[in-house]
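Participant: Sequences listed follow chains A and B, in order.
So for the first sequence, the numbering used here puts the first residue at 1; every next one is plus one.
So for the second sequence, the numbering used here puts the first residue at 1; every next one is plus one.
Calculated directly from the structure, the hints in this document are not laboratory data.
Some hints could be false.
Said to hold, decoys possible - BS3-like cross-link-like pairs, simulated, lysine-lysine; straight-line CA separation at most 25 Å:
hint: 1; chain 1: A; residue 1: K4; chain 2: B; residue 2: K199
hint: 2; chain 1: A; residue 1: K4; chain 2: B; residue 2: K233
hint: 3; chain 1: A; residue 1: K4; chain 2: B; residue 2: K153
hint: 4; chain 1: A; residue 1: K279; chain 2: B; residue 2: K60
hint: 5; chain 1: B; residue 1: K145; chain 2: A; residue 2: K279
hint: 6; chain 1: B; residue 1: K56; chain 2: A; residue 2: K190
hint: 7; chain 1: B; residue 1: K87; chain 2: A; residue 2: K200
hint: 8; chain 1: B; residue 1: K80; chain 2: B; residue 2: K52
hint: 9; chain 1: A; residue 1: K279; chain 2: B; residue 2: K80
hint: 10; chain 1: A; residue 1: K120; chain 2: A; residue 2: K4
hint: 11; chain 1: B; residue 1: K87; chain 2: B; residue 2: K56
hint: 12; chain 1: A; residue 1: K200; chain 2: A; residue 2: K87
hint: 13; chain 1: B; residue 1: K80; chain 2: B; residue 2: K118
hint: 14; chain 1: B; residue 1: K4; chain 2: B; residue 2: K118
hint: 15; chain 1: B; residue 1: K56; chain 2: A; residue 2: K4
hint: 16; chain 1: A; residue 1: K234; chain 2: B; residue 2: K233
hint: 17; chain 1: B; residue 1: K199; chain 2: A; residue 2: K156
hint: 18; chain 1: B; residue 1: K52; chain 2: A; residue 2: K279
hint: 19; chain 1: A; residue 1: K279; chain 2: B; residue 2: K233
hint: 20; chain 1: A; residue 1: K190; chain 2: B; residue 2: K52
hint: 21; chain 1: A; residue 1: K234; chain 2: B; residue 2: K118
hint: 22; chain 1: A; residue 1: K4; chain 2: A; residue 2: K70
hint: 23; chain 1: A; residue 1: K154; chain 2: A; residue 2: K128
hint: 24; chain 1: A; residue 1: K190; chain 2: A; residue 2: K80
hint: 25; chain 1: A; residue 1: K234; chain 2: B; residue 2: K189
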Amino acid sequence: MILKEFNLDGKVAIVTGSSRGIGKAIALTLAEAGANIVVAARTMSDLQMTAREVRYLGRRCLIAHTDVTKMEQVENMVEKTIAEFGKIDILVNNAGSDVESPLVVTGLERSGLVPELRMKYAGDMTEKLWRNIVDTHLIGTFRCCKAVGPHMVKQKSGKIINISSIIGAFDGANDLHYAVSKAGINHLTKVLALEWAPFKVNVNGIGPGSYITAIRYDCRPHLTGEQVDELLEKSLGLIPSGRHGELRELGLLAVYLASPASDYMTGQIIYLDGGWVAK
Amino acid sequence: MVLKEFSLDGKVAIVTGASRGIGKAIATTMAEAGADIVAAARTASALEQTAKEVRKFGRKCLVVTADMTKMEQVENMVNKTIAEFGKIDVLVNNVGYDSEAPLVVTGEERSGLLPGIKLNYKDMTEETWRTVIEANLGATFRCCKAVGPHMVKQKSGKIINIGSFCALLYGPADTHYGAAKYAINRLTKVLALEWAPYKINVNCIGPGSYVTQIRYDSRPHMTREQVNQVLEKIPNAVIPLGYHGDTRVLGLLAVYLASPASDYMTGQVIYLDGGITAQ
Numbered sequence: 001m002i003l004k005e006f007n008l009d010g011k012v013a014i015v016t017g018s019s020r021g022i023g024k025a026i027a028l029t030l031a032e033a034g035a036n037i038v039v040a041a042r043t044m045s046d047l048q049m050t051a052r053e054v055r056y057l058g059r060r061c062l063i064a065h066t067d068v069t070k071m072e073q074v075e076n077m078v079e080k081t082i083a084e085f086g087k088i089d090i091l092v093n094n095a096g097s098d099v100e101s102p103l104v105v106t107g108l109e110r111s112g113l114v115p116e117l118r119m120k121y122a123g124d125m126t127e128k129l130w131r132n133i134v135d136t137h138l139i140g141t142f143r144c145c146k147a148v149g150p151h152m153v154k155q156k157s158g159k160i161i162n163i164s165s166i167i168g169a170f171d172g173a174n175d176l177h178y179a180v181s182k183a184g185i186n187h188l189t190k191v192l193a194l195e196w197a198p199f200k201v202n203v204n205g206i207g208p209g210s211y212i213t214a215i216r217y218d219c220r221p222h223l224t225g226e227q228v229d230e231l232l233e234k235s236l237g238l239i240p241s242g243r244h245g246e247l248r249e250l251g252l253l254a255v256y257l258a259s260p261a262s263d264y265m266t267g268q269i270i271y272l273d274g275g276w277v278a279k
Numbered sequence: 001m002v003l004k005e006f007s008l009d010g011k012v013a014i015v016t017g018a019s020r021g022i023g024k025a026i027a028t029t030m031a032e033a034g035a036d037i038v039a040a041a042r043t044a045s046a047l048e049q050t051a052k053e054v055r056k057f058g059r060k061c062l063v064v065t066a067d068m069t070k071m072e073q074v075e076n077m078v079n080k081t082i083a084e085f086g087k088i089d090v091l092v093n094n095v096g097y098d099s100e101a102p103l104v105v106t107g108e109e110r111s112g113l114l115p116g117i118k119l120n121y122k123d124m125t126e127e128t129w130r131t132v133i134e135a136n137l138g139a140t141f142r143c144c145k146a147v148g149p150h151m152v153k154q155k156s157g158k159i160i161n162i163g164s165f166c167a168l169l170y171g172p173a174d175t176h177y178g179a180a181k182y183a184i185n186r187l188t189k190v191l192a193l194e195w196a197p198y199k200i201n202v203n204c205i206g207p208g209s210y211v212t213q214i215r216y217d218s219r220p221h222m223t224r225e226q227v228n229q230v231l232e233k234i235p236n237a238v239i240p241l242g243y244h245g246d247t248r249v250l251g252l253l254a255v256y257l258a259s260p261a262s263d264y265m266t267g268q269v270i271y272l273d274g275g276i277t278a279q
């Protein structure tokens, strides 16, 4: 027997970065639970694939070709959503990327996942790289909240789910920009929760632990794909549950946070990480 | 459409303190989601109403009288559960007790929310201190210790501890209860790490402000009317969402934490408090 409060029938959800990985899984699981989806990301071909899968589940899907580092594109995404669906019930701020880099290369850097492994970084973290990562994650989340907020405030209802990371809570060596962005997203979550509580808009965060997605490879241009494979395999020893997470599990938590079941929850960051952050 | 992973069909859940309030809501909501229930508390008569509501959902309910401050009674509860059901899938450590008191009464204590009310506290005795620690923290320890070996052998299990927003709030007349609840947070994380290799998930729900009997019982120095006055002030003064919670929402979060949907979550303390702890 599955309880009705976990149902998303009739809801409209925007999911940024839903072209692949965590964003795609969340979009599809929300759709399976009944929501119509607005998929937003930079790569049209990948977006079309996600849209196809959402529609295959019997839900409507609007494609919004969006770069969250550009405010006009974010505003456009919101306008298209209102034009198509008349409302926004859920916003999942998931868009993001990463490129590991120490702030200053010392030559002594080791992998956080496999401490015996020495890392050969190409160079210092440039200001450009710093800005790029902060712009996508933290400021991207700011832009989407700013564009969607007025609609949710007017509706006197809404659910915002920010995707953080265990790296926002601990470690983060050689990943300063990403770590600080995610920590920033955690605090943004709490502050917005307080600002919008009077309007019954819930703002919460999910902190994923270790999941196998493209970003795990893309963020390590200084390693080959095989080296990353080996690193991820060896890192299992650090995870209390002894396994990587399944993307669907993130989708299910997002369903809980998007559904009426969680109406009394706001300002929370929940880690889904096999116990990593508890260490 | 409600997703299958949120179902508790076939599961057996022990809920302590199931005779009323939060424990009763969790027991009945889990039953609605498909679980058979072992309802445990100190008085059988009080448990009968809970049992009736569980059985209305077509689920089995084993009623067990047990004082969780006594190890043999806790072990007896576990033995009866195994004898009846052969397994334990879920343990909800909900039993609790509070009795507000300053460490040393000065005679000048007044209500924080209603300064017009003078509070006729009695000194905190060693007995009050001990009882609050034992009934909250000690009870959680004992039940985990008795249930743990079964879950370890099964290589599966879900433990849900009930904490409180009081763990993070610092106010007068609470050296004991907040301490016990904070300690439960810590116990949650440590046990999560100890039992992760056996695929046992240990998490904690921190309720915010719900109107249950404990809000009155914990204030022997106030009349019922005075407590009502305080409870009336709390939503606007303390709770961002502006209302007390409905115990059903705690039941729904417990269902998520008891279900396969949360298999990758362990060591988490989640506050369901309308934003109180986000402040």
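Participant: Run every hint past the structure and note whether it holds.
Facilitator: Comparing the hints with the structure gives:
Simply put, K4 of chain A and K199 of chain B have alpha-carbon atoms about 28 Å apart, too far for the 25 Å limit, and the pair is violated. Note on K4 of chain A and K233 of chain B: the hinted pairing is violated, with a Cα-Cα distance of about 32 Å set against a maximum of 25 Å. For the given pair, K4 of chain A sits about 34 Å from K153 of chain B by alpha-carbon distance, which is inconsistent with the 25 Å threshold. Between K279 of chain A and K60 of chain B the CA atoms are separated by roughly 38 Å; this puts the pair beyond 25 Å, and the hint is violated.
Using a Cα cut-off of 25 Å, the hinted pair K145 of chain B and K279 of chain A holds, with the two alpha carbons roughly 21 Å apart. Note on K56 of chain B and K190 of chain A: the hinted pairing is violated, with a Cα-Cα distance of about 40 Å set against a maximum of 25 Å. Only pairs whose Cα atoms come within 25 Å are accepted, and K87 of chain B paired with K200 of chain A is rejected, the gap being roughly 41 Å. Our distance criterion of 25 Å between C-alpha atoms is met by K80 of chain B and K52 of chain B, whose separation comes to about 19 Å.
For the hint pairing K279 of chain A with K80 of chain B, the CA-to-CA distance comes to about 34 Å; that exceeds 25 Å, so the pair is violated. For the hint pairing K120 of chain A with K4 of chain A, the CA-to-CA distance comes to about 52 Å; that exceeds 25 Å, so the pair is violated. For the given pair, K87 of chain B sits about 23 Å from K56 of chain B by alpha-carbon distance, which is consistent with the 25 Å threshold. The suggested pairing of K200 of chain A with K87 of chain A holds, with an alpha-carbon distance near 15 Å, which does not exceed 25 Å.
Our distance criterion of 25 Å between C-alpha atoms is broken by K80 of chain B and K118 of chain B, whose separation comes to about 48 Å. The hinted pair formed by K4 of chain B and K118 of chain B fails the criterion: a straight-line CA distance of about 53 Å is larger than 25 Å. Using a Cα cut-off of 25 Å, the hinted pair K56 of chain B and K4 of chain A holds, with the two alpha carbons roughly 18 Å apart. Proposed proximity of K234 of chain A and K233 of chain B is contradicted: the alpha carbons are some 54 Å apart, above 25 Å.
Under the criterion of a C-alpha separation no larger than 25 Å, the hint pairing K199 of chain B with K156 of chain A is inconsistent with the structure, at around 41 Å. Proposed proximity of K52 of chain B and K279 of chain A is contradicted: the alpha carbons are some 42 Å apart, above 25 Å. Using a Cα cut-off of 25 Å, the hinted pair K279 of chain A and K233 of chain B is violated, with the two alpha carbons roughly 39 Å apart. A C-alpha spacing of about 41 Å is found between K190 of chain A and K52 of chain B, which places the hinted pair above 25 Å, so the restraint is violated.
Straight-line distance between C-alpha atoms of K234 of chain A and K118 of chain B comes to about 62 Å, which puts the hinted pair past the 25 Å bound. At roughly 38 Å between alpha-carbon atoms, K4 of chain A and K70 of chain A are farther apart than 25 Å, so this suggested pair is violated. The hinted pair formed by K154 of chain A and K128 of chain A fails the criterion: a straight-line CA distance of about 37 Å is larger than 25 Å. Annotation: proposed proximity of K190 of chain A to K80 of chain A is violated, straight-line Cα distance about 28 Å (limit 25 Å).
Note on K234 of chain A and K189 of chain B: the hinted pairing holds, with a Cα-Cα distance of about 24 Å set against a maximum of 25 Å.
Violation of the numbered hints given earlier is confined to hints 1, 2, 3, 4, 6, 7, 9, 10, 13, 14, 16, 17, 18, 19, 20, 21, 22, 23, 24; the remaining hints are satisfied by the structure.
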